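Undergrad: Once you have looked at the hints, place chain B on chain A.
Protein chains: 2
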Amino acid sequence: MGRTSTAKERLVGAAEELMRGRGYGSLGVAEICARADVRKGSFYHFFASKQALTVAVIDAYWDSQRACWQGELSGEGAALERLERLLAAMTGVQRRAKEESGAVEGCMLGNLALELSTQEPDVRARLEEVFDEQIRLVEGALVDAAAEGAIPAGRAGREAAQAVISQLEGMVLLAKLKNDPTVLDGLWPHTLLLLQAADRPQGS
Amino acid sequence: MGRTSTAKERLVGAAEELMRGRGYGSLGVAEICARADVRKGSFYHFFASKQALTVAVIDAYWDSQRACWQGELSGEGAALERLERLLAAMTGVQRRAKEESGAVEGCMLGNLALELSTQEPDVRARLEEVFDEQIRLVEGALVDAAAEGAIPAGRAGREAAQAVISQLEGMVLLAKLKNDPTVLDGLWPHTLLLLQAADRPQGS
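Each protein sequence line maps, in turn, to chains A and B. Note that my numbering gives residue 192 to position 190 of the first sequence, counting from 1, and the numbers run on in steps of one. Note that my numbering gives residue 48 to position 46 of the second sequence, counting from 1, and the numbers run on in steps of one.
Bound-form chain A, shown alone (with noise of 0.2 Å):
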């Protein structure tokens, strides 16, 4: 969102530091466009609707996110160590936030499915598209660790990687509602018996 950047960056950069801390139902164009230093005209310009800007917001955060899943997945050690570090990030981010801002946000793509899957189906469809992306790289993760013989083979497929990714959301909900990070502590452990992970989770 610096001085360089387009009106059309800044609509989407300044809803997504809205809907972070506020979701989406209580947000109008207006205070967006006042947010982003935009008029009013030009955001229809731009954006059929706040739906079509929340799909773009959806894009812009998980391309950034992509990054750091796919970077932290595919970095060095045994797979589980791998996924540890992904998990790590995830509740990294929870941690930040409340040292920053005072506030645990949540998952913002969390925050989004469950306000609007039923009201707005755009929305719904392209959030539905990247937990599938989320969960297959996972999915991916967990094939190594039962090549590595970290994990059983039955543990290594697609309804393993959804308790992983449910396991996530369900904390990070918890520790939103507590506004207490520290409730992310339990996560890996938890991860470790959804997985009947050979090494039994060490209270870390």
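Calculated from the structure, these hints are not laboratory results. As the structure is a prediction and not an experimental result, all values here were calculated from the model. Mixed in with the good hints, there may be bad ones.
In silico negatives: residues of chain B with every beta carbon more than 10 Å from chain A [as the list claims (entries may be wrong)]:
(1) L29
(2) C35
(3) H47
(4) Q67
(5) E74
(6) G77
(7) E78
(8) A90
(9) E102
(10) E141
(11) K180
Quick look at which bits of chain B chain A covers, simulated, 3 or more residues with Cβ under 8 Å [as the list claims (entries may be wrong)]:
(12) 8-14
(13) 107-117
(14) 155-168
Every residue, glycine too, gets a C-beta built ideally from N, C-alpha and C.
TA: Below, chain B alone, put in the same frame as chain A:
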């Protein structure tokens, strides 16, 4: 919301109906009053704000849900069978919503938790109490399960109960996102893994 209900009860009922489908942010007091057939001037006779009404909605919702939770968990059978019945009741709600309205609505409490925790302190505080009560109820069942030898003593605590609730909320999120209640078929096998239950999942 029958003919004999009072205006206050109608407001709570109308708000709950609207919030189940659309969350909180996009709802206005005028719309809630119209649905409840109550004049807007009367609204503030009963509730100081939309936030206060939302706390009343949560109270009414949890009062009815609590009876279900306690009933399932104090029923007949082994502790894990009772826990399985509770989770089956929760997933049954989502299946029925899909059949009746075409949409998996998700857990109203989880929806509100993710939408509002960083914004509405009274709603957050009440939701935290409700989730704490859920966690304590599950923890009680886990203590019984450990006494019966069905799970290790180390899984009969608060952290394991939080893992169970997290898995439930996370899977409901995915089911809502995909508008597909069959996602929840994996919930009980995952729960048994989280609890290190002696009986391994049967793929049920």
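Undergrad: So which hints don't hold here, by number, going up?
TA: 1, 11 and 12
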